[in-house]
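Put chains B, C and D on the given structure of chain A with help from the hints.
Number of protein chains: 4
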Amino acid sequence: MVQVAVIGAAGYAGVEAVRWTLAHPRFELACITSAADAGRSLSTLYPGLAGATDLAFVAPNADIIAEQASVAFLAVPHTAAMELVPELLSRGVTVLDMSADFRLTDPDVYEHWYGVPHTAPDLLGEAVYGLPEVDRGRLPGARLVAVPGCYPTATTLAALPALESGVATGTRVVVDAKSGVSGAGRSLSATTHYVAVTESIKAYQVGTHRHTPEMEQTLSGIAGRELSVMFVPHLVPMSRGLLSTVYLELADPMTTAEAVELYRMRYADEPFVHVHEAGVMPSTGEVRGTNRAHIGVAVDGRTGTLVATCAIDNLGKGSAGQAMQCANAVFGFAETEGLERSGAVV
Amino acid sequence: MVQVAVIGAAGYAGVEAVRWTLAHPRFELACITSAADAGRSLSTLYPGLAGATDLAFVAPNADIIAEQASVAFLAVPHTAAMELVPELLSRGVTVLDMSADFRLTDPDVYEHWYGVPHTAPDLLGEAVYGLPEVDRGRLPGARLVAVPGCYPTATTLAALPALESGVATGTRVVVDAKSGVSGAGRSLSATTHYVAVTESIKAYQVGTHRHTPEMEQTLSGIAGRELSVMFVPHLVPMSRGLLSTVYLELADPMTTAEAVELYRMRYADEPFVHVHEAGVMPSTGEVRGTNRAHIGVAVDGRTGTLVATCAIDNLGKGSAGQAMQCANAVFGFAETEGLERSGAVV
Amino acid sequence: MVQVAVIGAAGYAGVEAVRWTLAHPRFELACITSAADAGRSLSTLYPGLAGATDLAFVAPNADIIAEQASVAFLAVPHTAAMELVPELLSRGVTVLDMSADFRLTDPDVYEHWYGVPHTAPDLLGEAVYGLPEVDRGRLPGARLVAVPGCYPTATTLAALPALESGVATGTRVVVDAKSGVSGAGRSLSATTHYVAVTESIKAYQVGTHRHTPEMEQTLSGIAGRELSVMFVPHLVPMSRGLLSTVYLELADPMTTAEAVELYRMRYADEPFVHVHEAGVMPSTGEVRGTNRAHIGVAVDGRTGTLVATCAIDNLGKGSAGQAMQCANAVFGFAETEGLERSGAVV
Amino acid sequence: MVQVAVIGAAGYAGVEAVRWTLAHPRFELACITSAADAGRSLSTLYPGLAGATDLAFVAPNADIIAEQASVAFLAVPHTAAMELVPELLSRGVTVLDMSADFRLTDPDVYEHWYGVPHTAPDLLGEAVYGLPEVDRGRLPGARLVAVPGCYPTATTLAALPALESGVATGTRVVVDAKSGVSGAGRSLSATTHYVAVTESIKAYQVGTHRHTPEMEQTLSGIAGRELSVMFVPHLVPMSRGLLSTVYLELADPMTTAEAVELYRMRYADEPFVHVHEAGVMPSTGEVRGTNRAHIGVAVDGRTGTLVATCAIDNLGKGSAGQAMQCANAVFGFAETEGLERSGAVV
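Chains as they are written, first to last, in the working numbering: chain A, 1 to 346; chain B, 347 to 692; chain C, 693 to 1038; chain D, 1039 to 1384.
Chain A extracted, bound-state conformation:
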């Protein structure tokens, strides 16, 4: 059993990493950290885990983590990750980083969007971007995996076959995405109060969301040309779930059936990606609690547009599930290990 530490385990992505670790046949939960909750038991914060583990939170400390675990799932805010990662790597701990700190390859782009200089730029070259469906080749044996953001994951999976194959042309991609509230984290704010969220939808951070450069980097890499992304995220009254609706200009006319076939061929061997038949679009509810990505594709001949929507659970394939999938690949396990089981289907 590989010993696991979850850093920042009190947050939503952190506790989700805990949940997946507890269910995994080859990983064993050894350490959970939370600066704010040190000393408290996990089930005090998450009573649903009563009886699942006796572990209590400890304050994060690289020495202690390295003593107890050989792999760490990092669920800490950006900037905190780039401080901790070098300490963990130097102590031989493999890191699955769910923060944004090692996703962008260019430290200048990082500084532009995050407003602070990158303090570990030397590690950017080593960090492997953890989206197995795009490139799983560098994952085995990796020391540091930058787990993609939730919006980039759904958007990339929605756009990948069309961009990679060249059926999509143009240089501007419109991405209209919708996320549940857990994407904003567990900290309290007026915008996450139940009364502010329920029965209402709104856009936020139009054109300024920090996942934008990550999408541009990944989509440009796939397309082999510079793409700009017009990205508008929305907040939806649901606790989990993320849907990305991507609008791609078609180079040449094609039918929806052809587009579905293109997508199904591309994802034929992917255990966590499902492409719906023509006419069916995925709901976020159907992937809730899982590491799955469900995709629907439609071609609008009138406007020459291919529309792809991808539904994921922002805490599953959009975060902790994907981190676990990557960890499986890093350690040479089947990527599906510990992740097969579906969430509730109703």
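There could be a bad hint or two in this list.
Listed next, with one range per pair, are the computed distances between beta-carbon atoms [to be verified]:
hint : chain 1 : residue 1 : chain 2 : residue 2 : range
1    : A       : 224       : D       : 1078      : 33 to 43 Å
2    : B       : 536       : D       : 1159      : 36 to 46 Å
3    : C       : 769       : B       : 384       : 49 to 59 Å
4    : A       : 224       : C       : 743       : 45 to 55 Å
5    : A       : 185       : C       : 950       : 48 to 58 Å
6    : A       : 137       : D       : 1078      : 32 to 42 Å
7    : C       : 743       : B       : 625       : 36 to 46 Å
8    : A       : 138       : B       : 648       : 24 to 34 Å
It should be emphasised that the hints constitute simulated quantities derived from the structure, not laboratory data. Beta carbons: idealized from backbone N, C-alpha and C, even for Gly.
Just chains B, C and D, lined up with the frame of chain A:
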């Protein structure tokens, strides 16, 4: 007091027209019809209206309606409206039609999208499209008002200042819209079951929704050139509310501040339209239960895009509220008469 | 027009009092206070009120309030109210207090449940308990009205006819109540985060909720004997709404039809109370946004129990709506003035 | 691997049994039936199960079921079960019946509450009531298990330690329970439409719900005396989850701490039951998607009442999860087999 009939009063738009009529100082509810519920009291179906009226549903019949009312709000499905409207007009009843039957000026376009020939094409020229913010000139004294669809209303208000002023260029407009469940009506289906809707979002009728040609007709008229609309509606877990996110290509660079100013100038005299300051986007919750439209605008300089989002209540400004606003204009009342009061703000 | 101040207008009950005041034909909003938000406009916090008023929040100050208004709706926490009320009364301002500070007639009971001594016990005798359906006799001309709590309002209306008539016997009343989240106020806490609330229900403060002695005081007064209340509140995933399910032991067998008749007779002249026919129970949704109370009654012959459920909007009849109803009575207006209009019915 | 058939697999409890079976290490899904959906694939109805199985629905037929499976989970309506069960038993198929048909030991009580005579009364003696926490003794090797109803499960677990130990006295038990919408099943009705459910709560079937006699039978058996149950179920805006709040009269004073200790002792060896510490009450969210029951206990000394609330997932411990737990016991597996994993904890 002008006597009012609400036809199809058992449905969501119908009962909303009833509610606004009951609160109106110059309209008086005289007749409510429902083929399926004839004989039942209104409060049997909507206990929230207990004590508000003693009226019971009657079966729809043009003679009876004309006897009791001089104006009718039609909340019946498309095709039913084009059967009933000539009968009502010939009996001298003014009609506010909330169905789609008289919105499209070209009967061929109607037949293409609705799959049946139009049976009253001679009335299409007379019907006034009831979006006062675009053109209220023909409303006073009109016999037949085609109240716009919910998606076209929010989309048009979001795009209007940019298209009319010429700051938006291009021929393809991307419209990504999100609606609450009441937009699908009160009839039962697997897709409106609570368990299917809650905590989930999905796209539907991608590129094929029947509001598409209505948007193209209206936006093209405003822009003075042929526009095609790439329209993707989504179903959101909320009972009411509609948000349209519209992506417009900019002819020349402009700032968000300039865009906000453009929008505020255009809507300065509109009693029901509010444009948020730069950086603030509207939520559907803030217009719930009202006839208001709240708009946010942002310019993304990187991609040369103006993004406008418009939030309405699909049963308010998106249907019965707008019908009442038009009725006020038809009868020479202030457009705000009976519509001033805000819905609940929490 | 009577000039109105709303003290604590940034909170949920406060802004609801603002909304009702803005819609009232005889009250005029003159002053809104909020210590934390002084200087900000109302619509910054509540964009749904954009255009409704130009007022900005001011810091609460008795002199300023008294200068601008002759009546004040107090929506401040307990203990804050008993400090402010004497200052307002001494300046001639009529007070509708929505806090708990003047509801209990016995200062020792107050100290026992609220943990602090009462600092204005001399006013307890003057304060009029503002539940018009129980006793509206002392309201006209009152200087200080203690507006009842949300749980006591729904519970009292559910139990009143059975206790007053003597059909209910016994000394212990079981009250199982369910409230929406706005009842907990606008301040942030882990228990009001959307993710913690949605799709979940739980009990809280079992047997220890501070509304318990208020219910015992009121119900005992109605019954003419000492009653103890076993009260369990629950938190329900809804923003507004409150349902109280009350279990009363029957002295003698009676039918549900007889119980309904008893309730209908008792409330025949009450404009805001509706008793459903036998077999129909009220939902909180049907009274959302209104000042109404809808009641259902059933007799369970097997256990000799009369069950009454009462649905209100906790911010309507449970708080600001009731305060406005009382204010109408205080000033000699019809109790329904400004409160007639139903909220949205869907 | 034991071959499993799920009868009525298109419904909520049915598909939940499918999900648990697919995740089970010793059961293998061999057959799924649905009269209405024969020929369709499972994932057409439940896209969340895309890729999980290739099985399509077949029409229910005892011969075909017996050919393919040695155990059947029955998720069919009452009366349908008592027709099918004898056919399955005679063909050697073990039955876990999630319907109500074999829960009541007295066929007259069945006829009284269900309105039809029991057609297989001879099997009532053989049927084992499947609540392992009360009596697991007869489960190993049983041919027919009557899986308890969702309300009786939560209510019994809430009341069991207090009744069994004799600390609760009296003959009338008040049970105020709250259920999510999936409890009403997948069939369409006006009361399960999203718009009717969201943001609203109401009581239904006050004193007349068919789970009442099942509770009385089980609680009386535990207490060793005749108990009557005053039962009021409520519909809550959530898809899954059930909370039962039970009011028990105390024979003698005790503290909450003592009550918690009593409950913890009783359930010390139960793998699926957790008793919260004093002052903490369970939420249904914390057990969503699991087979767990979380209990909170409080003593109200003022009224001499012990209040216990029990939270379960109505489709988990309240139905298919419990059926699987019983199946494990029947076949001699550990009761936790295939049920260990927690659902999502956020």
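### Message
Hint compliance check: list the failing hint numbers for this structure, sorted ascending.
### Response
7
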